[in-house]
Amino acid sequence: MKVKKGFRLRDVCGEKIIVADGIANIDFSRIISMNESAAYLWKHIEDGSDFTAETLTKLLLDEYEIDEATAKADSETLMAMWKEAGIVED
Amino acid sequence: MNYETRKMANEVFLPQVVQLLNEGHTVTLPLRGRSMRPFLEDGRDKALLEAIKEPPQVGDAVLAEISKGHFVLHRIVKIDGEAVTLRGDGNLGTENCRLEDIRARATAFYRKGREKADSTKGLKWRIYSWWWTRLLPVRRYLLFVLHPHIPQRFLLNKK
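Top to bottom, those sequences are chains A and B. Each residue of the first sequence is one higher than the one before, starting from 69 at the first, in my numbering. Each residue of the second sequence is one higher than the one before, starting from 2 at the first, in my numbering.
It cannot be assumed that every hint is accurate.
[What the hints assert, rightly or not] In silico DSS-like cross-links for lysine-lysine, where the CA-CA straight-line distance does not exceed 30 Å: (1) 122/B / 72/A; (2) 73/A / 126/A; (3) 126/A / 111/A; (4) 8/B / 113/B; (5) 151/A / 122/B; (6) 84/A / 122/B; (7) 69/B / 117/B; (8) 122/B / 73/A; (9) 84/A / 70/A; (10) 126/A / 84/A; (11) 140/A / 84/A; (12) 73/A / 111/A; (13) 111/A / 8/B; (14) 151/A / 84/A; (15) 111/A / 72/A; (16) 126/A / 140/A; (17) 84/A / 125/B; (18) 117/B / 8/B; (19) 70/A / 126/A; (20) 151/A / 54/B; (21) 70/A / 111/A; (22) 79/B / 54/B; (23) 73/A / 151/A; (24) 113/B / 84/A; (25) 79/B / 125/B; (26) 84/A / 79/B; (27) 73/A / 69/B; (28) 72/A / 125/B; (29) 125/B / 54/B; (30) 69/B / 125/B; (31) 151/A / 72/A; (32) 117/B / 54/B; (33) 70/A / 140/A.
For the record, the hints were derived by calculation from the structure and aren't laboratory data.
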């Protein structure tokens, strides 16, 4: 899986939001924002490199003191949410 | 997916919106405040904004920074050289700014939760605008009829 081309994380007033360069209109009534840990993961895959749930799990384990099962579950949930939001693709 | 509403302070949020506009994006912005009644309602409607390309004209609804960090989305009622007078449709008073303080133009409005926007070039907005601006002498009464509000001090059975 990888990040769709042009989707970038931007900081607007302390909110980490996803803005697509290629998309003309930015709709602030339905914006995708990320919390700190999601933003951390996004930063590592934003360049468009291929990633899996294992990639994210490893990144989480590197940065946060959590057990592997939690990290894996969170990674899978997050990937599903990103996919539903249409910001990543196979 | 989790949805939640975040409110941000205008003076920090809107400059960033202006930056996105200047980068060539258009921006859909949920509206706050009652100053563009009766067409636009607080918390219900959204405006589609774009950066200024052609010179603003009387009648345009624009986003203007009327003083440092203080933005309004109001209608231009007069342009005299560089001096611009604005008045919200739901207001009686005016604001003044310079042409250079106008940051964006509203090109359409999403109203009442509809997916389709009413363009400011469309017939509905133009007819509404024609009537509403000409009814200014009686606006005070129209606003009262449309949005009755009786100040507490005039109510008799106060608790």
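Distance restraint between residue 111/A and residue 8/B, which requires alpha-carbon spacing of 30 Å or less: Holds, at about 25 Å.
CA of residue 126/A to CA of residue 140/A, is that 30 Å or under? holds (9 Å)
Just to be careful, I want the Cα atoms of residue 140/A and residue 84/A compared with a cutoff of 30 Å; is the pair within it? holds (23 Å)
Verify the proposed pairing of residue 73/A with residue 111/A, using a straight-line Cα cut of 30 Å. holds (14 Å)
What's the verdict on residue 84/A and residue 122/B, does the C-alpha distance respect the 30 Å limit or exceed it? With Cα atoms ~34 Å apart, residue 84/A and residue 122/B exceed 30 Å; violated.
Given the hinted pair residue 84/A and residue 70/A, is their alpha-carbon gap at most 30 Å? The given pair, whose Cα atoms are some 19 Å apart, holds under the 30 Å limit.
What's the verdict on residue 151/A and residue 54/B, does the C-alpha distance respect the 30 Å limit or exceed it? Violated, at roughly 36 Å.
Are the Cα atoms of residue 70/A and residue 140/A separated by 30 Å or less? With Cα atoms ~18 Å apart, residue 70/A and residue 140/A stay inside 30 Å; holds.
Pair hint outcome, residue 117/B versus residue 8/B [Cα-Cα no greater than 30 Å]: Holds, because 24 Å separates the two Cα atoms, which is no more than 30 Å.
CA of residue 73/A to CA of residue 69/B, is that 30 Å or under? violated (37 Å)
Keeping to a limit of 30 Å between CA atoms, is the pair of residue 73/A and residue 126/A held or broken? holds (24 Å)
Against the 30 Å threshold, does the CA-CA distance of residue 70/A and residue 126/A hold or violate the hint? Distance of about 16 Å is within 30 Å: holds.
This entry does not satisfy hints 1, 5, 6, 7, 8, 17, 20, 26, 27, 28 and 30, going by the numbered hints stated previously.
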